[in-house]
Amino acid sequence: MKKNEDTRVVVGMSGGVDSSVAALLLKEQGYDVVGIFMKNWDDTDENGVCTATEDYDDVVRVCNQLDIPYFAVNFEKQYWDKVFTYFLDEYKAGRTPNPDVMCNKEIKFKAFLEHAMSLGADYLATGHYAQVRNNNGQYEMLRGVDDNKDQTYFLNQLTSDVLENVIFPLGHLNKHEVREIAQEHGLVTATKKDSTGVCFIGERNFKEFLSEYLPAQPGVMATLDGVEKGRHDGLMYYTIGQRQGLGIGGSGEPWFVVGKNLKDNILYVGQGFDNDKLYSDGLIASDVNWINPTPGESFTCTAKFRYRQQDNEVTVTKMEDGNVHVEFHERQRAITPGQAVVFYDGDVCLGGGTIDEVIKDENYLDYVG
Amino acid sequence: MDHIYLDHAATAPMDKRVIEAMNPIMTNIFGNPSSVHAFGRKARQYLDEARRTMAGSIQADEKEIVFTSGGTEADNLAMIGTALANRHKGNHIITTHQEHHAALYTAENLEQQGFDVTYLPVDETGRINIADLTEALTPETILVSIMYVNNETGVIQPVEAIGEILKDHQAYFHTDAVQAFGLLDIDVKQSGIDLLTVSSHKINGPKGIGFLYVSHGVKIEALQFGGEQERKRRPGTENVAAAVGFQTAVELSLDNKADRRQTYAHYKEQFMKQLSENGVNYAVNGALDQSIASIVNISFPGANVEALLTNFDLDGIAASSGSACTAGSVEPSHVLAAMYGENDNRTTNSIRFSFGSFNTEENVIEAANRVATIVKRLTQ
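Residue numbers (the working numbering), protein chains in the order written: chain A, 1 to 369; chain B, 1001 to 1380.
Among the clues, some could well be false.
[Said to hold, decoys possible] Here are a few chain B residues that sit away from chain A, every Cβ distance over 12 Å (derived from the structure):
(1) F1030
(2) R1087
(3) I1130
(4) D1168
(5) D1187
(6) S1215
(7) Q1262
(8) E1277
(9) N1304
(10) L1309
(11) T1310
(12) N1311
(13) S1329
(14) T1348
[As the list claims (entries may be wrong)] The calculated DSBU-like cross-link candidates involving lysine-lysine, where the alpha carbons are at most 30 Å apart (straight line), are:
(15) A:K192 with A:K77
(16) A:K77 with B:K1376
(17) A:K175 with A:K360
(18) A:K277 with A:K207
(19) A:K2 with B:K1376
(20) A:K318 with A:K360
(21) A:K27 with A:K193
(22) B:K1376 with A:K82
(23) B:K1016 with B:K1042
(24) A:K207 with A:K77
(25) A:K3 with B:K1257
(26) B:K1257 with B:K1063
(27) B:K1376 with A:K110
(28) B:K1063 with B:K1042
(29) A:K110 with A:K92
Source of the hints: derived by calculation from the structure; they are not laboratory data. Just so you know, even glycine gets a beta-carbon here, dropped at the ideal spot from N, CA and C.
Could you build all of it, start to finish, from the sequences and the hints given here?
Structure (structure tokens):
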């Protein structure tokens, strides 16, 4: 076993409080810690200053407080090719992509991991709320102990091989403890606001951002029975179960997006939060990753269909093409194609996939997308 | 692990003798050189003497020396100051694609202010073509700014030839000599140079001071306003201690110029020889035989600048490349892009090594061995 001081850990630092504390904890444990800032997106503000500047500046200041070396690495091209292109393609297909899942899979735990290894690192560490457990040579990913912050949903595409080289120093902590540690040590990022939304969009208006890359095709908004309820601005701006921004007036219960018809460019809407059209009892997922071998071809476990959702009991059945059929033990609302379905056995994250088809009464719901 | 510094073109350590010269000034001489009392006069004496040394180092008159905060300010003052003061004579400025950003971005700023700027190309040797300059000159041209030695490649520009062409033209000739000064013999009068930039910290002097040579008769506007210092061309209370340190650094650099040229050339040769002996695949960017002894810019095919520099640093080797963006990531070199084209791999796989007072033959060879190990690991 290498001593900590001889063990090099590259920490992916974003300039936020989580990765700052991750670096601090590793430094306190005596590791040879190297902080690296990833620049994945090329954007400048109205003064021509790169928008990543503030964050990088915070990385520099924290690393200087911790007395660890810091560097930056540019993955703009990889990010564009692997994450942003996927992001646009999914919207073009009328789906709701999850770029964070893709970024973790292709950039942070692939390109960046390779970069870290090329620097002689023994481990890559990040400020994610998740835990790694060595179970006789199989590296398992467990939920972070903070239920509200657990990020295994976004990490579902990692594999045992990758996890073998990963440390999540915050997995056993609650967010408020992380803030407290940062404050105790006077880290400049201690009170920095958490970032929200998609990283490359930042604080900007989502609709405006998307319209810079994809042509919006306004069209008809209608019920599944064909009653026109207005116009939509472009299918890509809406997601299943969405209530805001439909602009349908009148009395009665509020209106929700229940589906999309890409071919005829129609946005389907329905009335009421519990509208029956929003419910389904199964799904098909593709791009399925199992972190470790599964118990069998068909098994019962729990699943999340979106971040921060409660776990739901499901039966997973592997299909011949590698996709999985997921049967819900209780019907689910607003299952959204393009989003991730992530599987758990207790606290162990088993893996996950991308929701492709939504099933109800043994039929694919064509109207969902 | 010993850290080895191969980045003297970025900045150089202060010479002990420079510090020794500054200490008594900081301890005893605090007067304001503009004050009309004994304290002020004492400080002024030191300042005058420093200025005389600066002038002598480039065969100029001491009234032609304007102290600035460093090279960047001197470039700004030279270019903006003369452009604004001579606008009535024309609106055209010539510079090159391979300038230091202190000049390049100043030129871009002048463009925004309405000046026409021609950016001369450089060829694969890193040098401009004199015919391009001749062709670009118009009766409207008021300023030609071309650096003496490129800071990334070390390639020396044909300064004498440029001066010769401009002899019979109204345009002023400004050259940023930050990398040249201290190693090359500079004679502003003989070379037809009207404005010349020098920085102290590149020649083992203190940071925060430099000078601009402004030839008699050159019309130049000040960029900042205040007192009468530097004959109103650069107001602000002078940093006498830094000027004295700068003076010592200049004297030392003049003293053994030829020796250092030879020593650094030897380091450069040893460094490359060691890479070759280690079986490293590399290529030198720019014309080696037209470059200054202290700088070599090396391309490592199949490698990437960020991985190289990070690995070098983690193994104790300090070198650099191009420039970093404000978010820390390394930008492709604009100098190498000017030489080879924007999409050439050399813009993203090249490192500048620059030798100087920190080096010995032993540490240069040791550095080459470490570099070789890393490059081979990254490219195999």
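Okay, the hints, checked on the actual structure:
1. Its beta-carbon lying about 32 Å from the closest one in chain A, F1030 of chain B satisfies the requirement of being farther than 12 Å from that chain.
2. Every CB of chain A is more than 12 Å from the CB of R1087 of chain B (nearest about 26 Å), matching its label as outside the interface.
3. Distance to chain A confirms I1130 of chain B as a non-interface residue, since its nearest Cβ pair spans about 34 Å, more than 12 Å.
4. Non-interface call for D1168 of chain B relative to chain A: holds, since the shortest CB-CB distance, roughly 39 Å, exceeds 12 Å.
5. With a least CB separation of 40 Å from chain A, D1187 of chain B remains clear of the 12 Å interface cut-off, as annotated.
6. The beta carbon of S1215 of chain B is kept farther than 12 Å from every beta carbon of chain A, the shortest such distance being approximately 34 Å.
7. No Cβ of chain A approaches the Cβ of Q1262 of chain B within 12 Å, the least distance being about 35 Å, so the stated non-interface status holds.
8. Annotated as non-interface, E1277 of chain B keeps its C-beta farther than 12 Å from every C-beta of chain A; the closest such distance is 24 Å.
9. Here N1304 of chain B does not stay apart from chain A, with its beta-carbon only about 9 Å from theirs, under the 12 Å limit.
10. At roughly 8 Å, the least C-beta separation between L1309 of chain B and chain A is not larger than 12 Å, which violates its mark as non-interface.
11. With a least CB separation of 5 Å from chain A, T1310 of chain B falls inside the 12 Å interface cut-off, contrary to its annotation.
12. With a closest Cβ-Cβ approach of about 6 Å to chain A, N1311 of chain B is found to fall inside the 12 Å limit, against its non-interface label.
13. A beta-carbon of chain A comes within 12 Å of the beta-carbon of S1329 of chain B; the shortest separation is about 4 Å.
14. Here T1348 of chain B does not stay apart from chain A, with its beta-carbon only about 9 Å from theirs, under the 12 Å limit.
15. Using a Cα cut-off of 30 Å, the hinted pair K192 of chain A and K77 of chain A holds, with the two alpha carbons roughly 29 Å apart.
16. With a CA separation close to 24 Å, the supplied pair K77 of chain A and K1376 of chain B stays within the 30 Å bound.
17. Distance hint between K175 of chain A and K360 of chain A is unfulfilled; the C-alpha atoms sit about 38 Å from each other, more than 30 Å.
18. As the CA atoms of K277 of chain A and K207 of chain A are separated by approximately 26 Å, the hinted pair is consistent with the 30 Å bound.
19. At roughly 25 Å between alpha-carbon atoms, K2 of chain A and K1376 of chain B fall within 30 Å of each other, so this suggested pair holds.
20. Restraint check for K318 of chain A and K360 of chain A: satisfied, since their Cα atoms lie roughly 19 Å apart, inside the 30 Å limit.
21. About 23 Å separates the Cα atoms of K27 of chain A and K193 of chain A, which keeps this hinted pair within 30 Å; it holds.
22. For the proposed pair K1376 of chain B and K82 of chain A, the alpha carbon gap of about 28 Å is at most 30 Å, so the pair holds.
23. For the hint linking K1016 of chain B to K1042 of chain B, the alpha-carbon distance of about 24 Å falls within 30 Å, and the restraint holds.
24. The hinted pair formed by K207 of chain A and K77 of chain A meets the criterion: a straight-line CA distance of about 24 Å does not exceed 30 Å.
25. Between K3 of chain A and K1257 of chain B the CA atoms are separated by roughly 49 Å; this puts the pair beyond 30 Å, and the hint is violated.
26. Between the alpha carbons of K1257 of chain B and K1063 of chain B the distance comes to roughly 25 Å, so the proposed pair stays at or under 30 Å and holds.
27. Proximity of K1376 of chain B to K110 of chain A is assessed by CA-CA distance (about 22 Å); at most 30 Å being required, the pair is judged to hold.
28. Restraint check for K1063 of chain B and K1042 of chain B: the C-alpha separation of about 19 Å stays at or below 30 Å, so the hint holds.
29. Between K110 of chain A and K92 of chain A the alpha-carbon distance is near 26 Å, which keeps this suggested pair within the 30 Å criterion.
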